[in-house]
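Put chain B on the given structure of chain A with help from the hints.
Chain residues, written in single-letter form:
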Amino acid sequence: MDPAAAKFIGAGIATLGMLGAAIGVGMIFSGFLQGATRNPSAAGGQFTNLILGAALTEALGILAFVLGLLILFS
Amino acid sequence: MADPMHQFEIHKIVDLPDISLPGVGVIDMALTNSTLSMTIAAGLIIAFMAIVTAKPQVVPGRVQVIGEAAFNYIDNLAVGIIGHEGRKFFPFLFTTFLFILTMNILGLFLVFTATSQLAVTATLGIITFLLVLGVGFARNGFGFFKLFFPSGVPWYMLILVTPIEVISFLLRPITLALRLFGNMLGGHVAMKVFAGFVVSLGGMAAAGGLGLLGIPGAALALGGVVALTALEFLVAFLQAFVFAVLACVYLNDVVNLGHHH
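Chains A and B, in that order, give the protein sequences.
Per numbering that gives the first Met the number 0, the very first residue in the first sequence carries number 0; after that it's consecutive.
Per numbering that gives the first Met the number 0, the very first residue in the second sequence carries number 0; after that it's consecutive.
Next comes chain A alone, as it looks inside the complex:
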């Protein structure tokens, strides 16, 4: 295979790791919304935890994204 083509394919495959992060962040927000609609008075206090969980999950997806960029541009 042409090395340049393999590089692009590899970068594309590497960013597939973001799929897991997408599912994870979606689950966090769905869980929050389920909880928040059942007990709206408690929802405001959990905003920091919500963002914290989303950020920690998202970091792993960003790692995959950066890895893809590294493959693409190096």
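If you are wondering where the hints come from, they were derived from the structure by calculation, not from laboratory data.
Ideal placement from N, C-alpha and C gives every residue a C-beta, glycine not left out.
A few of these clues could be false.
[Said to hold, decoys possible] If the Cβ cut is set under 8 Å, some of the chain A residues that face chain B in the computed set are:
(1) Ala41
(2) Gly43
(3) Thr47
(4) Ile50
(5) Leu51
(6) Glu57
(7) Ile61
(8) Leu62
(9) Phe64
(10) Val65
[Claimed, not checked] Taking CB as the label site, the calculated pair distances span:
(11) A/Phe46 <-> B/Ala137: 45 to 55 Å
(12) B/Leu233 <-> A/Gly19: 38 to 48 Å
(13) A/Ser73 <-> B/Leu221: 27 to 37 Å
(14) A/Pro39 <-> B/Gly82: 20 to 30 Å
(15) A/Ile8 <-> B/Asp2: 13 to 23 Å
(16) A/Met0 <-> B/Ile44: 43 to 53 Å
(17) B/Ala49 <-> A/Ile8: 49 to 59 Å
(18) A/Gln33 <-> B/Val248: 16 to 26 Å
(19) A/Phe7 <-> B/Ala206: 25 to 35 Å
(20) B/Ile65 <-> A/Ser73: 38 to 48 Å
(21) A/Leu69 <-> B/Val248: 20 to 30 Å
Just chain B now, with coordinates in the frame of chain A:
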């Protein structure tokens, strides 16, 4: 279409002579677009806080309320996560939060985003990491290492848990830096790519004939750019907030080490 990575290139604006420090090597002192945008951000923050606190009153005026709201927001965050002693770290947290927020939002107005440079975000991440290390050793001495041996875990599980804890602790500055960098880079690349669609599809339509089909596509892409810009404002705030929250959480680990709070 312009290269979407072109916007992240660093140019020298004013070339200053290099200086060489013993043990460090030659340092390029040139004023680049990166340092310029960071200077503008710092200047804006100083100007904002100066205006906000120019005429302090017991009953705040319109301008003073904005400053007090920003102040209160981070103060509540620090006290909520770290507890009573969180006030000590308020200056650091407030400075980092405002600096990152201003750089992120300036990136949407200027052509250059300082937080999309890994060097900038890595520096912020390393400063936070060193502060956590310093506070941890200053407050707990060698008890700091209790962080890697969670209480209530049986000894045979510690063989597994301790390496994971150590690695996740050492990964903190890397994830802090990469999260901010990746979000800013990704967002700006996506905006640029969508803007490129508008230009290339518009060019197709200008050729006439079957190319006129490009007009709805270009309109769709334009709508996408507007929506992405709105999203980027949210992300700009959220990433600054996340950085402050994570700095709080990491500081809480070492400030309240051993007693759960």
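To see whether the hints hold, each was checked on the structure:
{"no.": "1", "hint": "Ala41", "in the structure": "violated, 15 Å"}
{"no.": "2", "hint": "Gly43", "in the structure": "violated, 12 Å"}
{"no.": "3", "hint": "Thr47", "in the structure": "holds, 6 Å"}
{"no.": "4", "hint": "Ile50", "in the structure": "holds, 6 Å"}
{"no.": "5", "hint": "Leu51", "in the structure": "holds, 5 Å"}
{"no.": "6", "hint": "Glu57", "in the structure": "holds, 7 Å"}
{"no.": "7", "hint": "Ile61", "in the structure": "holds, 3 Å"}
{"no.": "8", "hint": "Leu62", "in the structure": "holds, 6 Å"}
{"no.": "9", "hint": "Phe64", "in the structure": "holds, 5 Å"}
{"no.": "10", "hint": "Val65", "in the structure": "holds, 5 Å"}
{"no.": "11", "hint": "A/Phe46 <-> B/Ala137: 45 to 55 Å", "in the structure": "violated, 32 Å"}
{"no.": "12", "hint": "B/Leu233 <-> A/Gly19: 38 to 48 Å", "in the structure": "violated, 23 Å"}
{"no.": "13", "hint": "A/Ser73 <-> B/Leu221: 27 to 37 Å", "in the structure": "holds, 33 Å"}
{"no.": "14", "hint": "A/Pro39 <-> B/Gly82: 20 to 30 Å", "in the structure": "holds, 27 Å"}
{"no.": "15", "hint": "A/Ile8 <-> B/Asp2: 13 to 23 Å", "in the structure": "holds, 20 Å"}
{"no.": "16", "hint": "A/Met0 <-> B/Ile44: 43 to 53 Å", "in the structure": "holds, 51 Å"}
{"no.": "17", "hint": "B/Ala49 <-> A/Ile8: 49 to 59 Å", "in the structure": "holds, 54 Å"}
{"no.": "18", "hint": "A/Gln33 <-> B/Val248: 16 to 26 Å", "in the structure": "holds, 24 Å"}
{"no.": "19", "hint": "A/Phe7 <-> B/Ala206: 25 to 35 Å", "in the structure": "holds, 28 Å"}
{"no.": "20", "hint": "B/Ile65 <-> A/Ser73: 38 to 48 Å", "in the structure": "holds, 44 Å"}
{"no.": "21", "hint": "A/Leu69 <-> B/Val248: 20 to 30 Å", "in the structure": "holds, 28 Å"}
When held up to the earlier numbered hints, the structure conflicts with 1, 2, 11 and 12 and fits the remainder.
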